Amino acid sequence: MKRISLTLVLTLAVIGAGCSSMERSRSLASPSTPAKTLAAQVCSNCHSIDGNSVSPNFPKLAEQQPDYIVAQLKGFRNHRRADPEGFEYMWGISRSLTDDQIKGLAAYFAAQKSVSPGPGDPKLVAEGKNIFDKGLPAKGVPPCSTCHGDHGQGNGEFPRVAYQHSDYVIKQLTVFQRTNERPDGVAMKAITHSLSDQNMAAVAAYLQQMPSK
Amino acid sequence: MNEYRSEQNQQAAMQANASATASGASAPLRSTRRGVIVRAVLAAATLAPLLLALAPREAQALPAFARQTGQNCVACHAGGQFPELTPYGRMFKMTGYTIGQRALPLSMMGVVSASRVSNTSKSDNPPADFQKQGAPIFATGSLFIAGKVTENIGLFSQITYDNYAGQGVAADGVGAGEFKGHTNADNIDLRYADRFIDANRDLIVGVSLNNNPSVSDPWNTAAAWMQYVPVPSPTSSAFVDGNAPYPGFGSGGNVAGVTAYAYLNKTFYAELGGYQTANRGFSILSAGINDAGTTKLKGTNPYWRLAYTREWGPNNIMVGASGMTADIYDDPTDTSDPNTIARTKNLGFDAQYQYLLDPHTVTAQLAYMTNDIHYSNAVANQPSAFASDAAGTMGLANSNSSDTTHTLRAKLTYTYQAKYGGSLGFFNLTGTTNTLNQTSGYDPTTGLITSDPTGALGATALSTRVGGNLSGNPATRGFTYEAFWTPVQYVRVGMQYTSYSKFNGASSNYDGLGRDAKDNNTLFFYVWGAY
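In the order they appear, the protein sequences are chains A and B.
All residue numbers for the first sequence refer to this note's numbering, where the first residue is 1 and numbers rise by one.
All residue numbers for the second sequence refer to this note's numbering, where the first residue is 1001 and numbers rise by one.
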């Protein structure tokens, strides 16, 4: 009897396999997997289903500029973007995505509502706001708001930075400043050239909690 | 492998040792063929990091799952440390190994190791007791067949070759005392999974057919995975060693089970299943293990697991509990007598904390397990053949009808850049004293310490100094310190030092012949590689 029940469970499992639905597929190689399915079944593992990732290892994608997401996914797919955390996870994820799927993913995450990961040290935040709004003229650093918008909302391929994880922002500023692993962001190499670690931490703290629009 | 089965293994190993020695083998015999293999593997192990360092950093050419997902090992393994999983690695496992695209589902893994035990002089026969002392050995190699099968079905299966699976005796033609390799089914987990997720709910459900209770578990503090926190016992020199205390389930591996699990909102995990003997239709789950070595269970034996998890910022925790009841036949070759069934009950608590923020990885693990064993009528309440003192007094108690052990393992690990790491581990096994556990004692006739009170092995039977247990208590306790280096993501080089403050029930003279726990302190070096 017990052996029968064990066999029964197995049989049901095999039957269930035959009923698997593309609506819940985790296949990254099929052009027919809808972007929304990929977002829910695969991307959500790190970026959360609403694009508000929990871990600062992974960028928040909610309300992100769709053009920026498209550029990054294509950058991962063609291996132009090669910062370690990027290629370790994203080269594989993106390798077989179609342009349409990429567009769909960008639209999906752009439509999510971004929420702040939490407040930072008030002193750092004040210092960061100053850099974001006014830049550091003495160091030749322009205001971040020039490209990323007054509210950090981004513009086209200039990413939204508001409510981004501060640890992620620091990591990317460091990548721009010290490496050539993100060639599409070469403009940021010159801009970050003179930033100190303290400057980066301040800007990042501000972005994580800045009033969003 | 739990204490009960460990004990059996230990005894079997010691019997093999004793019979090898009794039959006249005084030194290890090493075949030329194996020598060549060892040298070749060593050369490969030395060259591999150099060659691989020159290879491009793409992950596509790497083990099966990396090929399937196109991702780097660190995506799923915390700090690159095999087999510890990241939150993403756990999701990959729970969703049935189905993320990605089908790829060549084959990988290989090998471990080369060398160890040095602190004191080899307190042994009647050091060459026999410490055959692997100081010498580099090709310890084990595994073949993995693993990957996505359908949209909902995935497989993780490991077939392992143990180069030191057994020792020959004079009669079998291999050479008395010489180690013999053996291949058998190791961890197998075939699963079906589905995930129902929307903005308000995230439910993963699945069914696993597996051969080892908790091998299906996504957390590495589960018994089947905690064993990969290595503590080599003095004579094994192996990365994974069933004789080292770890919190295992009574049934051990090589059984057949089906478990169903659910993970709700990345918060609550529950798994329930049953295990039977891996024979007939399920014999593939114990393939390569002979009838006498296959655990024989009576009926279906229940297993359960509950866990609570939480993730905040770069931190995640898991607090969980698990348990199993198993009815195990004393003699796997004879399941006809209901008086030869032991019943084991396990209750475990485990917890894990991870901090993952590049370049830092911190993991704290805690696993605790109680094992209650009620011996079969055939084993319980048996007189001891050992005398209670040197005068030959037969005053030892009969064996217990039941025993309880408590195993605690704790480990703290730090990894920098997924390349350089160190860990501190603690293990503590305590339990009831039982004359059945004694493998060393006073000979009733001579009053000398022996492993063979009945004289069955002949008058010259030697003591079992390294594995001997005079007290009948299993207590073993110590620390393991480790430093490791991962030059490329699929090669790890590690150095460990394990210090014992208790061994087989005592700090000093645990075997009755003057061997102390600290004499077993071991320096262990390993090179682990996968492709």
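Note that these hints are calculated values from the structure, not bench results.
These numbers were taken from a predicted model, which means no experiment stands behind them.
Incorrect hints may appear among the rest.
[What the hints assert, rightly or not] Calculated lysine-lysine pairs in the DSBU-like style (CA-CA distance at most 35 Å, straight line):
| id | chain 1 | residue 1 | chain 2 | residue 2 |
| --- | --- | --- | --- | --- |
| 1 | A | Lys36 | A | Lys74 |
| 2 | A | Lys74 | B | Lys1419 |
| 3 | A | Lys123 | A | Lys74 |
| 4 | B | Lys1419 | B | Lys1122 |
| 5 | A | Lys189 | B | Lys1345 |
| 6 | A | Lys36 | A | Lys103 |
*Is the Cα-Cα distance between B/Lys1419 and B/Lys1122 35 Å or less?*
39 Å, violated
*Taking only the CA atoms, is the gap from A/Lys36 to A/Lys103 under or equal to 35 Å?*
11 Å, holds
_Restraint status (C-alpha distance of A/Lys36 to A/Lys74 at most 35 Å)_ = Cα-Cα ~18 Å, so holds.
*Take a quick look at whether A/Lys189 and B/Lys1345 sit within 35 Å of each other, Cα to Cα.*
Violated, because 62 Å separates the two Cα atoms, which is more than 35 Å.
*Compare the distance between the alpha carbons of A/Lys123 and A/Lys74 with 35 Å, and conclude whether the hinted pair is satisfied.*
Since the Cα atoms of A/Lys123 and A/Lys74 sit roughly 38 Å apart, the hinted pair is violated (cutoff 35 Å).
_35 Å Cα cutoff - pair A/Lys74, B/Lys1419_ = 29 Å, holds
Hint compliance for this structure: hints 3, 4 and 5 are not met, and every other hint is.
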